[in-house]
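Asks: So the chains spell out like this:
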Amino acid sequence: MTSHAPAAAVDGAHAHEGEHIHPPIYYVKIWGVLLALLTVSIIGPMIGIKILTLMTAFGIAVVKAYLVCSKFMHLNIEKKFVIYFLTIALCLMAIFYFGVAPDVMKHDGANWRNVGAQAEVARGLERAKHPEEHGEHGHSEHGAKPAGEH
Amino acid sequence: MAFAKPIATLRSATGVPVGRLAMWWLLASEIVIFGGLLMSYIMHRIGHPEWAAEAAHTNTVAGAINTVVLLSSSLSAVLAHQAAQMGNGKRAARFLWITIGGAATFLVVKSFEWTHEIHEGFVLTRSGFWSFYYCAAGLHALHVIAGSIAMGFVAVDAAKGRELQRVEYAGIYWHFVDVVWIFLFPLLYIAK
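Chains A and B supply the protein sequences, listed in that same order.
For the first sequence, the numbering used here gives the first residue as 1, with consecutive numbering after it.
For the second sequence, the numbering used here gives the first residue as 1, with consecutive numbering after it.
Source of the hints: derived by calculation from the structure; they are not laboratory data.
By construction, the Cβ of each residue, glycine as well, lies at the ideal position given by its N, Cα and C atoms.
Just to be clear, a hint being listed does not mean it is correct.
[Said to hold, decoys possible] Simulated DEER-style distance windows between Cβ atoms: (1) G138/B - M105/A: 20 to 28 Å; (2) K192/B - N76/A: 51 to 59 Å; (3) V115/A - S12/B: 51 to 59 Å; (4) G59/A - V61/B: 35 to 43 Å.
[Said to hold, decoys possible] Quick look at which bits of chain A chain B covers, simulated, 3 or more residues with Cβ under 8 Å: (5) 36-42; (6) 45-59; (7) 82-89; (8) 96-103; (9) 116-129.
Put together the whole structure using the sequences plus the hints.
Replies: This is how it looks when you write it as structure tokens:
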């Protein structure tokens, strides 16, 4: 159940166009759904199926973000032009990704090799394979020592 | 000397109050900042299979606790907005202080988490993964600190029934901080 916003909602606390003021229980229910989704995203990876992990972790993150943006930020009832320029910002992010990804995600091509990145991958895989030789649990090779060690 | 109320507080030529419009512009720039950072992380994570072994050391329980804390603080922020819409400044201020409490809890959990990781030797310079980890989570934590300071000022005014429209603007910013964490959590703590 919702009640209408009081006219000129007090001292400029602007209501969105056509907005109803929802009772607190409405937001508490959405919060409950968000917590349930969080639980699924934590349990999902425990099953150990990679595609399921991706779906439960990132798919659910998108659903949670949608719920927060639409219900808590009230973007679902905001003016369309606000949605448009927020979408443009998201598109800039996508342009950045597709422009740079080929050079970052691949370490060689027809006429080039990223020698430094390849060496870093080899070093990292070696360290993961033999952690005890490289100071695991985690003591850095770059001089970082645990507290109290000199 | 008394100052006139700034025009930005009341004007709404576009149909959106200027203060709220400014907040949306700020968030559009924040999308580019955090989006660029997260996209860089995703690209490097795909290009560096060895990062999976590094990511295995992040503390999922601490990340999950902080997610619950931020989601709950988002609830109190939207309840503050709801109270402001009803014209109840004192109630709005109370919910804002609860939100600030959530921010403080988040930072305390994060400080314990980082202290443990640094003691274990997982420092900023250990590998590309940890550089991204501290950079992304650190930038997010700075936003948590900035948001809670701003909310403190808004709460003081709201308790006196002044500038109640700012309760919504502070809330919009806070929900964005929550949304960023919603994506950081699976990227840094779940995908191992």
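Asks: Taking 51 to 59 Å as the stated bounds, is the beta-carbon spacing between V115/A and S12/B within them?
Replies: 57 Å, holds
Asks: Do at least three Cβ atoms from the segment 82-89 of chain A come closer than 8 Å to Cβ atoms of chain B?
Replies: holds (count 5)
Asks: Would you say the segment 45-59 of chain A counts as covered by chain B, given the rule of at least 3 residues with C-beta under 8 Å?
Replies: Three-residue rule met by the segment 45-59 of chain A, so holds; n is 5.
Asks: Mind taking a look at whether chain B covers the segment 96-103 of chain A? Criterion is 3 or more residues with CB to CB distance under 8 Å.
Replies: holds (count 4)
Asks: At least three residues with a C-beta closer than 8 Å to a C-beta of chain B: is that true for the segment 36-42 of chain A?
Replies: Satisfied; 3 residues make the cut.
Asks: Taking 8 Å as the Cβ threshold, is the statement that the segment 116-129 of chain A is covered by chain B upheld or broken by the three-residue rule?
Replies: holds (count 8)
Asks: Does the Cβ distance between G138/B and M105/A fall inside 20 to 28 Å?
Replies: Since G138/B and M105/A have Cβ atoms about 25 Å apart, the given range 20 to 28 Å holds.
Asks: Could you see if the CB distance from G59/A to V61/B stays within 35 to 43 Å?
Replies: This hint is violated: roughly 22 Å between Cβ atoms.
Asks: Kindly confirm whether 51 to 59 Å is satisfied by the beta carbon distance between K192/B and N76/A.
Replies: For K192/B and N76/A the Cβ distance comes to about 34 Å; the hint is violated.
When held up to the earlier numbered hints, the structure conflicts with 2, 4 and fits the remainder.
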